[in-house]
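Undergrad: As a plain string of letters, each chain reads:
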Amino acid sequence: MEFWFSELHSPHVKFGIRVEKQLFSGQSDYQRIDVFESPEFGKFLTMNGGVIFSEQDCFIYNEMVVHVPMAVHPNVKKVLIIGGGDGGVAMELVQYPSIEEIDVVEQDEMFVDVCREYFPETAEGLEDPRVHMYHVDALRFLRNQKDSYDLIINDATDPFGASEGFFTREFYGSCYKALREDGVLVYQHGSPFYDEDEEACRNMHRKVYHTFPISRVYQAHIPTSPSGYWLFGFASKKYHPLQDFREEEWNARGIHTEYYTTNLHRGAFMLPKYVEELLEEEEDR
Amino acid sequence: MDLTKQASAPLYEAMEKFRKKRIVPFDVPGHKRGRGNPELIDLLGERCVGIDVNSMKPLDNLSHPVSVIKEAEELTADAFGAEHAFFIVGGTTQAVQDMVLSVCKSGDEIIVPRNVHKSVLNALILCGATPVYVNTEIDARLGIVLGMTVEQVEEVIVAHPKAVAVLINNPTYYGICSDIKSITDMVHRHGLKVLADEAHGTHLYFGDHLPMNAMEAGADMAAISMHKSGGSLTQSSILLTGNGMNANYVQTIINITQTTSASYLLLTSLDISRRNLALRGRQSFQKVTEWAEYAREEINSIGGYYAYGRELVNGTSVYDFDVTKLCVFTRDIGLDGIEVYDILRDEFDIQIEFGDIGNIMAYISIGDRIQDIERLVGALAEISRIYSKDGKQFEIDRQMLLPEVIKSPQEAFYAAKERRRIHECVGYVSGEFVMAYPPGIPILAPGELVTEDIVDYILYSKEKGCSMQGQEDPSLQTLNVLKER
Numbered sequence: 001m002e003f004w005f006s007e008l009h010s011p012h013v014k015f016g017i018r019v020e021k022q023l024f025s026g027q028s029d030y031q032r033i034d035v036f037e038s039p040e041f042g043k044f045l046t047m048n049g050g051v052i053f054s055e056q057d058c059f060i061y062n063e064m065v066v067h068v069p070m071a072v073h074p075n076v077k078k079v080l081i082i083g084g085g086d087g088g089v090a091m092e093l094v095q096y097p098s099i100e101e102i103d104v105v106e107q108d109e110m111f112v113d114v115c116r117e118y119f120p121e122t123a124e125g126l127e128d129p130r131v132h133m134y135h136v137d138a139l140r141f142l143r144n145q146k147d148s149y150d151l152i153i154n155d156a157t158d159p160f161g162a163s164e165g166f167f168t169r170e171f172y173g174s175c176y177k178a179l180r181e182d183g184v185l186v187y188q189h190g191s192p193f194y195d196e197d198e199e200a201c202r203n204m205h206r207k208v209y210h211t212f213p214i215s216r217v218y219q220a221h222i223p224t225s226p227s228g229y230w231l232f233g234f235a236s237k238k239y240h241p242l243q244d245f246r247e248e249e250w251n252a253r254g255i256h257t258e259y260y261t262t263n264l265h266r267g268a269f270m271l272p273k274y275v276e277e278l279l280e281e282e283e284d285r
Numbered sequence: 001m002d003l004t005k006q007a008s009a010p011l012y013e014a015m016e017k018f019r020k021k022r023i024v025p026f027d028v029p030g031h032k033r034g035r036g037n038p039e040l041i042d043l044l045g046e047r048c049v050g051i052d053v054n055s056m057k058p059l060d061n062l063s064h065p066v067s068v069i070k071e072a073e074e075l076t077a078d079a080f081g082a083e084h085a086f087f088i089v090g091g092t093t094q095a096v097q098d099m100v101l102s103v104c105k106s107g108d109e110i111i112v113p114r115n116v117h118k119s120v121l122n123a124l125i126l127c128g129a130t131p132v133y134v135n136t137e138i139d140a141r142l143g144i145v146l147g148m149t150v151e152q153v154e155e156v157i158v159a160h161p162k163a164v165a166v167l168i169n170n171p172t173y174y175g176i177c178s179d180i181k182s183i184t185d186m187v188h189r190h191g192l193k194v195l196a197d198e199a200h201g202t203h204l205y206f207g208d209h210l211p212m213n214a215m216e217a218g219a220d221m222a223a224i225s226m227h228k229s230g231g232s233l234t235q236s237s238i239l240l241t242g243n244g245m246n247a248n249y250v251q252t253i254i255n256i257t258q259t260t261s262a263s264y265l266l267l268t269s270l271d272i273s274r275r276n277l278a279l280r281g282r283q284s285f286q287k288v289t290e291w292a293e294y295a296r297e298e299i300n301s302i303g304g305y306y307a308y309g310r311e312l313v314n315g316t317s318v319y320d321f322d323v324t325k326l327c328v329f330t331r332d333i334g335l336d337g338i339e340v341y342d343i344l345r346d347e348f349d350i351q352i353e354f355g356d357i358g359n360i361m362a363y364i365s366i367g368d369r370i371q372d373i374e375r376l377v378g379a380l381a382e383i384s385r386i387y388s389k390d391g392k393q394f395e396i397d398r399q400m401l402l403p404e405v406i407k408s409p410q411e412a413f414y415a416a417k418e419r420r421r422i423h424e425c426v427g428y429v430s431g432e433f434v435m436a437y438p439p440g441i442p443i444l445a446p447g448e449l450v451t452e453d454i455v456d457y458i459l460y461s462k463e464k465g466c467s468m469q470g471q472e473d474p475s476l477q478t479l480n481v482l483k484e485r
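So the sequence lines, in the order shown, correspond to chains W and L.
By our numbering, the letter at position 160 of the first sequence is numbered 160, and the numbering carries on one by one without gaps.
By our numbering, the letter at position 337 of the second sequence is numbered 337, and the numbering carries on one by one without gaps.
Please note that a few of the clues may not be correct.
Ranges of calculated distance between the beta carbons of each label pair, as one might list FRET restraints [what the hints assert, rightly or not]: (1) Ser10/W x Gly45/L: 17 to 25 Å; (2) Leu476/L x His210/W: 31 to 39 Å; (3) Met270/W x Gln477/L: 52 to 60 Å.
Dumping the calculated DSSO-like pairs for lysine-lysine here, alpha-carbon to alpha-carbon at most 30 Å [unchecked claim]: (4) Lys21/L x Lys70/L; (5) Lys21/L x Lys238/W; (6) Lys389/L x Lys146/W; (7) Lys177/W x Lys389/L; (8) Lys237/W x Lys70/L.
Derived by calculation from the structure, the hints in this document are not laboratory data.
On a predicted model such as this, the values are computed, not experimentally measured, just so you know.
Idealized CB from N, CA, C, for every residue including glycine.
The task is simple: from the sequences and hints, build the whole structure.
TA: And the structure:
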C-alpha cells in the first residue's frame with residue numbers, strides 16, 4: 001500500500017515518510033497531534049503536520065541539548081526543560097547523579113498523555129523522582145523565576161506554531177533572569193538552509209546574542225528535520241562552550257551515548273561558512 | 001433580539017448565491033474579478049477579488065436599500081436594540097459625521113467633552129455649528145480624561161440655550177464611561193438630542209458585566225466601530241438611531257457623505273460580524289474580559305506598572321469602566337507610555353494600540369490567543385527589568401487644556417490666515433488642527449485661542465515622539481493662525 005506522510009519543508013520541497021498505520025490523531029487546546037508507525041523511522045509524532053520526533057532519530061537532539069552543556073558547566077544541580085513533555089531530554093539528564101532537580105514545563109497535557117501511551121520508553125524519563133512537571137505557559141512560569149536554574153533547555157522546536165512565544169526576546173530575557181549567575185541556556189535553533197527557516201534562525205540568534213554575554217551555535221545531523229541539518233544555541237552568562245569545555249571530567253562520568261562524544265563536541269561548533277556568515281550578520285545588527 | 005432570525009445573514013447569503021452564478025461582468029469594477037489585475041489576485045486571493053463587485057439588483061444598493069441590505073440592517077438594529085441601523089463604509093469617522101450633521105446646522109451649538117474625536121470637529125467645519133466643551137475632570141496620576149457628570153452637562157446646557165445636542169464618548173479610548181443613562185434622561189428633559197460615540201464600545205451590546213450601551217440608555221444616535229471590537233473589516237462601521245430620529249432624514253444625510261460605490265467586502269463583513277456577535281458575542285466577550293483581567297493582574301504583579309481597572313469607578317467622573325480595555329500606566333518605571341510602545345514594537349515585535357505620555361493600551365479582542373497575552377506580559381516584565389529608571393513625575397494638569405473657542409470651526413477654517421512662528425502665535429486664533437497621535441485628541445482646533453500652555457504642550461508631545469498631525473507644517477516650527485486677532 002502506498003501510504004505516505006508528507007510535510008512541506010519549504011513551499012517547494014516535500015519530505016515524505018512511508019507509513020504503515022496511523023496510531024493516534026487528536027486536537028488539543030494548542031495543536032493537532034498525530035502519531036504514525038513507519039518502517040524507516042519507527043513511531044513518530046507530528047504537531048500541526050510537522051514531525052516533532054521519531055523513535056529512530058530522537059536520540060540525536062536529546063543527547064545534543066543535554067551533554068553539550070553538561071560537559072561545560074561544572075556544577076549543574078537544577079535544570080528547567082521548556083517543552084519536553086515526551087521525556088526524552090529528561091531521560092538523558094537523569095543519567096547525571098549530581099543533578100538534584102529537573103523541572104519540566106509542558107503546557108499541553110494531551111501531548112504528555114500521548115507520549116506516555118505511544119512512547120513509554122522515552123516517557124520513562126519523566127518517572128524519575130527528581131522530575132517535576134508543570135502544565136503552564138512557559139513565559140508565565142519563567143516570570144516568577146529569578147536566579148533559580150543552572151541550566152535551561154528549551155526543547156520547543158517550532159518558531160511558527162503554538163510555541164512561537166519561546167523564540168522571542170521576552171522569552172530569552174526571562175531565561176536570563178531565571179538563570180543563576182553562571183547559568184546556561186540551550187535551545188533549538190532551527191535549520192538554516194531553506195529561506196523561511198533561515199529568517200527564523202537569524203532572528204533567534206540576533207535576540208539571544210543581544211541578551212547573553214556568550215552566545216554560540218552548534219550543529220547536528222537530524223534526518224527528519226528540514227534539509228536534515230539542525231542547529232542548537234548555547235547561550236551562557238559565564239562559561240564558553242569550548243574554552244570552558246571539561247572533556248576529561250565528562251568522559252570520566254562514563255555516560256552512555258550513541259551520538260555525542262567529546263570529539264564531536266568540538267566539531268559541532270565548527271560551522272559551515274554560510275552559517276557563520278549569516279550569524280555574524282545578525283551580531284552586527 | 002430574535003435569535004432564530006439572527007442566525008441568518010441575508011447579504012452574505014446573497015453574495016454566496018451571486019458567486020455561484022458566475023455572472024459575466026460588463027459593469028464596474030474594471031478589474032473584472034481580478035483578471036485585469038493579476039497582482040491583486042496574488043495579494044488578496046481569487047475569492048476576495050471575485051466578490052469585489054458593485055451594487056446590482058440581487059445585491060441591493062446601500063444608498064437606497066430595499067432588499068438584502070435592508071434586511072441585514074434590520075437584523076443589525078434588532079441585534080443592537082436600535083430602532084434603525086445603517087451600514088457605513090467610510091469608517092466610524094463617517095458615522096460620527098453623519099450623527100453630527102443629522103442634528104446640527106450652522107449657528108447651533110453642540111456640547112462635547114474635550115477628548116472628542118477629531119471627526120466630530122471636522123463635522124462642525126462642514127455644518128457650521130460651534131462646539132461647547134464640558135470641563136471634564138482629569139485623573140491627576142494617570143493623566144487621562146474622565147467622564148462627564150450629569151451636573152457638569154446640565155450646567156453647560158443651561159448656559160448655552162443654542163445647544164441642540166450632547167455628544168458622549170461611551171466609553172473613552174481608555175475605557176472610562178459616564179453615567180450615560182442619567183445624562184440621557186436629563187438631556188432629553190431639556191429637549192436636546194443625545195449622540196454617543198461608541199467607536200470603542202461595540203462589545204457593550206454583547207456583554208453581561210460591561211457598562212451600559214447607548215441604545216439601552218435611550219440615546220438618539222450611536223456610531224459603532226464594528227471593525228474594532230466587532231470583528232468586521234477595517235473601515236466598516238454602523239450608525240444606530242433610536243426612536244427620536246427620522247430614519248429617512250438620517251439616510252439623506254448619510255448619502256451626502258457616503259460613496260455611491262460601497263465595497264461589498266466591507267458590507268458583507270458587517271453582516272457576518274453582526275450574526276457572529278448576536279449568536280456568540282456574549283461568550284466571546286466573556287473570554288476577552290477574562291483575558292484582560294488576567295493580563296491586568298499579571299502586569300500589576302510585575303511591579304512598577306499600574307494596569308488600572310474597576311477600582312477607578314467612583315460613581316461620578318468614572319461612572320463605569322470597560323474592563324476589556326487593557327491600559328497600563330508606565331511612568332512609575334521611569335518610562336513614558338510612548339517609549340514602552342516603541343520598545344515593544346522595535347525590540348519585542350509586539351504592536352500595541354497606542355502609547356501616550358503616561359499610558360499604553362493593548363487591545364484585547366475576540367482574535368487573541370492566551371499565548372500572545374503571555375508574550376505581552378513577558379515583554380513588559382523584560383522592559384521593566386532592562387530599562388526601568390526612577391519614576392517620572394507627571395506634570396499632569398497640562399495633559400488636557402480646555403480651550404477657549406473664539407470662532408466656529410467653520411469660520412476659522414475658511415478665514416484669512418497667516419503662518420507665524422509657533423512662539424509668536426500666543427494670543428492668536430488657530431486656523432488648523434494640531435493633534436498628537438496616539439491618542440488622536442486635538443490639542444488645538446480651528447477657532448481656538450493659542451495660549452502659552454498649549455504651545456508648551458505641543459512641543460512637549462512632539463519631543464516625546466508622538467506623531468503630530470493635522471497641522472500643515474510637519475516640523476511644527478510654525479502654526480497657521482487667523483490674521484485677525
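Undergrad: Are the hints correct? Go through all of them and say.
TA: We went through each hint and held it up to the structure:
no., hint, in the structure
1, Ser10/W x Gly45/L: 17 to 25 Å, "holds (21 Å)"
2, Leu476/L x His210/W: 31 to 39 Å, "holds (34 Å)"
3, Met270/W x Gln477/L: 52 to 60 Å, "holds (58 Å)"
4, Lys21/L x Lys70/L, "holds (22 Å)"
5, Lys21/L x Lys238/W, "violated (69 Å)"
6, Lys389/L x Lys146/W, "holds (20 Å)"
7, Lys177/W x Lys389/L, "holds (18 Å)"
8, Lys237/W x Lys70/L, "violated (66 Å)"
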